[in-house]
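In order, the protein sequence lines correspond to chains G and F.
If you count the first sequence from 1, position 307 lands on 307 in the working numbering, and the numbers rise without skipping.
Adding 307 to a residue's 1-based position in the second sequence gives its number in the working numbering.
A couple of the hints might just be wrong.
Stated by the list, open to error - In silico EDC-like pairs for lysine to aspartate or glutamate, Cα to Cα no more than 16 Å straight-line:
#1 F:391 - G:111
#2 G:2 - G:302
#3 G:116 - F:356
#4 G:169 - F:408
#5 F:385 - G:117
#6 F:385 - G:111
If you are wondering where the hints come from, they were derived from the structure by calculation, not from laboratory data.
Listed below, chain by chain, are the residues.
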Amino acid sequence: MKIAIASGKGGTGKSTVSLSLFTLLAQKGIKTALIDCDVEEPNCHLFLNPAASMITQATVKIPEFNFSKCTGCRACSDFCAYNALAVIRNEACAKCVKYCTEVPIECSGNEVLLFKELCHSCGGCALVCKTKAISYTTRSIGEIFNERVDINNLIQPFYYGKLNVGEAKSPPLIKQVKNLNLKNVDVTIIDAPPGTSCPAINAVENCDYVFLVTEPTPFGLNDLNLAVQMLRKLKIEHSIIINKSSDSDYLINDYCQKMKINIIAKIPDDRRIAEAYSRGIIFINELPEYKDNFSLIINNIEKRLKS
Amino acid sequence: MKIAISSQGKDLSSNIDERFGRAKIFIIYDLDNKNFKVIENTQNLNAQEGAGIQSAANVSREGVSAVITGNCGPKAFKTLQAAKVKVYLIANKTVEQAIEDYENKVLKEQTNANVEGHW
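Modelling step: build the complete structure from the supplied sequences, incorporating the hints.
Structure representation (structure tokens):
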């Protein structure tokens, strides 16, 4: 069963909730995995002390060109929906080839420039090339961390992705981290990145349920609504967790009543929670009285597991 | 010898287009025969990414040795450089005036992009 913790607005408490749920489910003897999909700025690892770690490079395919076979027909650049290829004719090169009296130069005078940051690795350019001038190589976009965390003397899997600085696209890495083969795991918790565009969508896609974490502020409400619209389009069941709950909860309560969405949990605006977070501590470990705030969520998950 | 000028209109009295990648039109002017050809660039005007790359590839295929435009971004510049097309910048002139300035060697060859992408 895959559950995502998403939000819309950043900083509402997704990681706080993900880490707490990971801990609570594991303490109940449920085999749980946590995947931190906020690959641009992963932070769950700061709160967990892994017993074992394995790092692999995450790579994507990019095209490579054999210019001696290139006819300059432009089938590849015409096909590319991302304008990542520029087919140009190097007249100076072409003259060289014509007048060379020595061993033939491996050059046709045609050149294809690849702008790899625009390439989406679709594989289309090699498919449409009629002279088989295109093959594939790989380039690294980030790292995947595969760790084991000890909770209550039970080892639970924890994975996260870390995108290389300068990379423009996170979805390719998010997809790779999510697709890791998890054996013997009952519940996978996915800590999603903030927002409601490609990165967040890639994280919540194909999940069985999403908990949206919000805060009772105008910005929180605005972005919560965007996230709700996103989940409705994706047709994923969801409910709301109000973090930093206070007298302003009416903002969220009114919205949820109007939209007929269930508020399943509230976590109060307690400074001690922020203090624990700032010290890299999962707050329910330090403030166990707050475990009760998660009871309806745990019941919901246990019920779904049984059915 | 041919040069490309980014233009807002289809004739030599049109104002030059300040943008290269998302220019409305390119005028390909033949300096020897003193005639010209109009190329529409609307497909790149609307491109989300890579407009400069494709505009550069398109004008280089016309066999031009130089481009006169208002501004040139990094990806466009890289593509033009690879195609051995020189870049000259100009402001607030018509296409006709730009050609004149080029022929009188008033314009300076650019060694780099002068703006960021999506400026």
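To see whether the hints hold, each was checked on the structure:
{"no.": "1", "hint": "F:391 - G:111", "result": "holds, 12 Å"}
{"no.": "2", "hint": "G:2 - G:302", "result": "holds, 13 Å"}
{"no.": "3", "hint": "G:116 - F:356", "result": "holds, 12 Å"}
{"no.": "4", "hint": "G:169 - F:408", "result": "violated, 43 Å"}
{"no.": "5", "hint": "F:385 - G:117", "result": "holds, 14 Å"}
{"no.": "6", "hint": "F:385 - G:111", "result": "holds, 13 Å"}
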